[in-house]
Amino acid sequence: MRRINGTALVIAALVATLGALAFPIWSYADRSGTGQADLNAGSVATPWGPLSATDRDFLVKVRLAGLWEIPAGQQAMERAPTRAIRAAGDHLVVGHTDLDARVRSVAGRLGVELPNQPNPQQQGWLRELTAARGKDYENKFANLLRDSHGKVFALVAQVRHTTRNTLVRELATDANQTVLDHITMLENTGDVDFDAIANEAAGTATASPTGPPPPGGAPPPLPSPAGPSGSPVLTSRPSAGSTTDPGRSINTDRPETW
Numbered sequence: 002m003r004r005i006n007g008t009a010l011v012i013a014a015l016v017a018t019l020g021a022l023a024f025p026i027w028s029y030a031d032r033s034g035t036g037q038a039d040l041n042a043g044s045v046a047t048p049w050g051p052l053s054a055t056d057r058d059f060l061v062k063v064r065l066a067g068l069w070e071i072p073a074g075q076q077a078m079e080r081a082p083t084r085a086i087r088a089a090g091d092h093l094v095v096g097h098t099d100l101d102a103r104v105r106s107v108a109g110r111l112g113v114e115l116p117n118q119p120n121p122q123q124q125g126w127l128r129e130l131t132a133a134r135g136k137d138y139e140n141k142f143a144n145l146l147r148d149s150h151g152k153v154f155a156l157v158a159q160v161r162h163t164t165r166n167t168l169v170r171e172l173a174t175d176a177n178q179t180v181l182d183h184i185t186m187l188e189n190t191g192d193v194d195f196d197a198i199a200n201e202a203a204g205t206a207t208a209s210p211t212g213p214p215p216p217g218g219a220p221p222p223l224p225s226p227a228g229p230s231g232s233p234v235l236t237s238r239p240s241a242g243s244t245t246d247p248g249r250s251i252n253t254d255r256p257e258t259w
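Convert by adding 1 to the 1-based position in the sequence shown; the result is the number in this note's numbering.
Honestly, I wouldn't trust all of these hints.
[As the list claims (entries may be wrong)] Distance ranges between label pairs, derived from CB positions:
{"#": "1", "residue 1": "Ala46", "residue 2": "Val95", "range": "34 to 40 Å"}
{"#": "2", "residue 1": "Arg134", "residue 2": "Phe195", "range": "22 to 28 Å"}
{"#": "3", "residue 1": "Val95", "residue 2": "Asp137", "range": "23 to 29 Å"}
{"#": "4", "residue 1": "Asn189", "residue 2": "Gln75", "range": "17 to 23 Å"}
{"#": "5", "residue 1": "Pro216", "residue 2": "Ala81", "range": "39 to 45 Å"}
{"#": "6", "residue 1": "Thr98", "residue 2": "Ala202", "range": "27 to 33 Å"}
{"#": "7", "residue 1": "Gln75", "residue 2": "Gln159", "range": "25 to 31 Å"}
{"#": "8", "residue 1": "Ala54", "residue 2": "Asp137", "range": "37 to 43 Å"}
{"#": "9", "residue 1": "Asp58", "residue 2": "Arg87", "range": "28 to 34 Å"}
Hints were generated in silico from the structure; no laboratory data involved.
For each residue, glycine too, the CB sits at the ideal point set by N, CA and C.
Produce the complete structure using the sequences and hints provided.
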């Protein structure tokens, strides 16, 4: 009998230990500070599904996009330095006019408050475009707008992939098509600095990419742009000059906004 009682105690102790070890794993997802807890805390119920904080941020960004890109597109059509710039401006106006009407309707149904003027950074971009002339204007128009569209592309994809709200998902689908169309039209101007975009992305990457080695073995490394003293040039906003100027790049401090 003592042996049986002892065995029972050992078994009970093992079960209790396993339970204590497993409980944190089962309950971790709902703990404060985890992604799941943040999602639950930031979401509100609607007739079209839960509306998350990311969903609401997306609606605000779509509205902000229209508030500065519609005037930028109208200005490009009026100044029309080239046919490609004029066509890109036309696509900006048409695309964002439609998205702006859609986002205001969706936000009204979901009870999300939207801004009524561009943010300070976007107002600064509009002032830059207004003050620019000639080739400087073409470069600024293509690169400011291409950079902002490229950065928001990831947010649109994230929202389209993760949202549980039907209205937001439909808007993200339309926004995805519109942003890609605008990226294409801006690239068709021939003024987009792809080296600057790639260098900026590399500067913010947190992990090294993996994949097959380059064909024919590893190529020699590209020389880094250097200043007069030989030190690397810090990235900055696209400036006037040829798109092949090795010192030109895009401001890495610019937030991911349209």
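Pairwise beta carbon distance, valine 95 to aspartate 137, judged against the given window 23 to 29 Å: The hinted range 23 to 29 Å holds for valine 95 and aspartate 137, with Cβ atoms some 26 Å apart.
Outcome for the supplied range 39 to 45 Å, where the beta carbon pair is proline 216 and alanine 81: Given about 43 Å between the Cβ atoms, the range holds.
Cβ distance range 25 to 31 Å for glutamine 75 and glutamine 159, holds or violated: holds, 30 Å
Supplied distance hint 34 to 40 Å, evaluated on CB atoms of alanine 46 and valine 95: Since the Cβ atoms of alanine 46 and valine 95 sit about 35 Å apart, the hinted range of 34 to 40 Å holds.
Whether the CB-CB distance between alanine 54 and aspartate 137 falls inside 37 to 43 Å: 39 Å Cβ-Cβ, so the 37 to 43 Å window holds.
Range hint compliance [Cβ, asparagine 189 to glutamine 75, 17 to 23 Å]: Because 19 Å falls inside the window, the suggested range holds.
Status of the given 27 to 33 Å range, CB of alanine 202 versus CB of threonine 98: holds, 30 Å
Status of the given 28 to 34 Å range, CB of arginine 87 versus CB of aspartate 58: holds, 33 Å
Whether the CB-CB distance between arginine 134 and phenylalanine 195 falls inside 22 to 28 Å: holds, 24 Å
Of the numbered hints listed earlier, not one is contradicted by the structure.
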